[in-house]
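Add chains B and C to chain A, keeping to what the hints say.
Protein chains in written order, with the numbering used here: chain A, 15 to 173; chain B, 671 to 829; chain C, 5 to 438.
Check each hint, because a few of them may be wrong.
[What the hints assert, rightly or not] Below, a sample of chain B positions facing chain A; criterion: calculated Cβ distance under 7 Å: (1) Tyr805; (2) Pro812; (3) Arg814; (4) Ile819; (5) Lys821; (6) Arg822.
[Claimed, not checked] Residues from chain B that keep clear of chain A, each with C-beta distances beyond 10 Å, as calculated: (7) Lys679; (8) Asp690; (9) His692; (10) Gly762; (11) Lys792; (12) Arg800.
[As the list claims (entries may be wrong)] Stretch-level coverage of chain B by chain C, calculated; a stretch enters the list once three of its residues show a Cβ under 8 Å from a Cβ in chain C: (13) 693-703; (14) 706-713; (15) 716-728; (16) 770-778.
Since the hints were derived computationally from the structure, they do not count as laboratory data.
For glycine and all other residues, C-beta sits at the position ideal for the given N, C-alpha and C.
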Amino acid sequence: MEIDTKGNMQTGFFTSRIDKMIGWARKYSIFQYPFVTACCGMEYMATACAHYDIDRFGAGLPRFSPRQADVLFVVGTISQKLAPVLVNVYEQMCAPKWVVAFGVCTCTGGFYDDYATVRGIDHIIPVDIYIPGCPPRPETVLQGLMLLQEKIQNQRQEV
Amino acid sequence: MEKSKTLEKIVGKFSEAVIDLHSQLGYDTVIIAKSALLEVARFLKQDPELQYNYLMDLTAVDYWKRTPRFEMVYHFLSLKNKYRVRVKVPVGGAEPEVDSLTSLWPAANWYEREVYDMFGIKFKGHPDLRRILMYPEFEGHPLRKDYPIQKRQPRVGPK
Amino acid sequence: MFLNIGPAHPAMHGVIQIHAELDGEIVRKADIEIGYLHRAFEKHCETGTYSQCFPYTDRLNYASPLINNFGFAAAVEKLMGLEIPERCNYIRIIMSEISRITDHLTCIGASAMELGAFSVFLYAIKAREWLYELIESVTGARLTVSYARIGGVKADLPEGFEERCQATLQKTREVLKEVDQLLTRNRIFYDRMCGVGIISADDAVDYGITGPFLRSTGIEYDVRKAFPYFLYERFAFDIPIGEHGDNYDRYLVRMEEMYQSIRIIEQALDTIPQGPTNVDSEGNVIDPDLMADLGKFGKTSGLLKNEVLIQPTLQGSEKRYHDRVRAKSKEAWLPPKEQVYSNIEALMNHFKIVMLGHGIRPPKGEAYVAVEGANGELGFYIVSDGTDRPWRVRCHPPCFPIMAALGKILVGDQVADIVPTFGSVNMIAGELDR
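In isolation and in its complexed conformation, chain A is listed as follows:
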């Protein structure tokens, strides 16, 4: 970064620290909206419960209203019939918002290459983190969550 005056450097320094602080606060208070449709829901349950305990990462409290949530977990196959519902839910969420594609069906469509399913939810909504696996093991989910936290920490924070 080019710094020409002392004043500018101070503001830049200041905003970047603020950004970091907000990011730090945001990444440990993830309110997730689980959009659970299919098999991956079983592993989502396993991740959320005592054994793997997603609460350790500050993401333990699912909000079932999209307006209160900031991370959308799309868990399971999205069919053509369900796609409009997903878009609707996504649009109701307040910014800043992130989307996690949980399981290979949401990433690429998986082996359901047919007339009924959407080949990856990134055809209809933007995605931040892809967690592959059919279904992904809970450890994979936790790694995906940590990557999301890293992304939240390092991004430019809109306030």
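Just chains B and C now, with coordinates in the frame of chain A:
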């Protein structure tokens, strides 16, 4: 070939409607003409000796390039005798249509809707014949053999 | 008033939509819309070979995938007339019952959570996790197992399975006791469940309902007893039945069924036959890569005596006891690798099964085989035209008739009762919509 009691009774009562019958792999199967379906089903259900009180499954098979093209397959179960029978009805023509069993078993309602959705076979006397698995705007019938598995149709926007 | 519940509703685990017509708090009419998870299972089965259908069957009822696996395998075996070895049948029974416990645990845990009993959900999933670990050690996967094969299972049980299984079942029993103490005589739970979501026995039969839902009305129909498959007739177990056909009876039936499943597994573990072994243990264990290399150079003498160590992604597959877990049929099974590399007959046999267009080819015909799934009778109707791909595969999903009846069951109850009633259905979208 020794016939079971069920097959004997059906042949005895509906001899002119029975096209073929066999007990391949130990499962009694009778193929009957379309016009007699409702009568045979009512007989199976109400005969005091047979008592096929369960309509266990109702589906269709598309024998592409064979006339008649479709075959309705009904699986009945008698709880009292612990015995099963399969009734098949060939259906063909440009507008395949067969009698609905909803007047005998409410279970037939959704099964017939599914067959209508997947194969396009209409049911005479069905109270609410509309698509069940696909969305209403979907064109064609996906389980027909001439419907390519990967043929997608435009998604319908958020309702 | 009209109320639209779902498809994205917190209490709807699984995606369905209920259009409810309300009069104050009372539901006057309920229209159920399904199909949000239609993934063309039946169409996919028609495009693949018989063996390629197994991964799709895993994802039908994803709360108890092993039962679906075995159900499909049993249907194809019926079509081909294959005889399954005794040990394999025992393995299938043990794994089916473990699956049934996981399914019921999920159902009871989730429906208790929706009524506010969150700890029960955590306890139930804790027990399910132990069972998943057990399943993983046998099949190599937690959920999507693809463990069944036409004519057998993928691999034998791993070393020390019996002891681990018994210990896990003991722990599961304790969890069930805890759940029982928390729920069965709990005032809130009882009031929410009792007398709600009632269906009469006649209605249940007319709608074609099976499984715990039917048994809660007092009708004793269980495929395992009525049409014994695998070797269920050898085991002593009871069919729990209710009498009112309400949510509370369904809960009690499910709880008791889990105890009965444990009973079956324990009997099976006590009496599981060992059977003959295929490879004598005197040979040295060598690396499979090394063996392949030796085979390529034509050094095949003595290979038959060697016991091969497969890479341990799957614990049970290290045990090379083919005869125990496979049908004695050349049409369905790949021959042991050491024979493929050492004699021409086995090589041709391998080639015939693996090559595209050859594969497993049941004779022309049709078969309907039903197994007792966790939700009721799970039937597979397969039509074969004599080629290596099924002409038609129809899955009779146990949830489907229950969901068809749900619109009728809900009428007359209050809006808040939709949640426990729907929870007790244990709707699994994967098998409902396929």
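Given hint Tyr805 (chain B) near chain A, where the shortest CB pair must fall under 7 Å:
holds, 5 Å
Grab the minimum beta-carbon distance between Asp690 (chain B) and chain A and tell me whether it stays above 10 Å.
holds, 34 Å
Would the least Cβ to Cβ distance between Arg800 (chain B) and chain A come out above 10 Å?
holds, 14 Å
Given coverage of the segment 716-728 of chain B by chain C, checked by CB-CB distance under 8 Å (3 or more)
holds (count 5)
Satisfaction of the Arg822 (chain B) interface hint, Cβ to chain A closer than 7 Å
At 6 Å from the nearest chain A Cβ, Arg822 (chain B) passes the 7 Å test, so the hint holds.
Does the claim that His692 (chain B) lies outside the interface with chain A hold up, using a Cβ gap greater than 10 Å?
Check passes; 34 Å lies beyond 10 Å.
Report holds or violated for the interface hint on Arg814 (chain B), using the least CB-CB distance to chain A and a cut-off of 7 Å.
violated, 12 Å
Three residues minimum, CB to CB under 8 Å: does the segment 693-703 of chain B make the cut for coverage by chain C? Let me know.
Holds, because 4 residues of the segment 693-703 of chain B bring their Cβ atoms closer than 8 Å to Cβ atoms of chain C.
Taking the shortest Cβ-to-Cβ distance between Lys679 (chain B) and chain A, state whether it exceeds 10 Å.
With a cut-off of 10 Å, Lys679 (chain B) remains clear of chain A, as the shortest Cβ separation is near 42 Å.
For the segment 706-713 of chain B, do at least 3 residues have a Cβ located nearer than 8 Å to some Cβ of chain C?
violated (count 0)
State whether the coverage of the segment 770-778 of chain B by chain C holds or is violated, taking the criterion as 3 or more residues with Cβ-Cβ distances under 8 Å.
Satisfied; 3 residues make the cut.
May I ask you to check that Gly762 (chain B) keeps its beta-carbon over 10 Å from the closest beta-carbon of chain A?
holds, 25 Å
Hint compliance for this structure: hints 3 and 14 are not met, and every other hint is.
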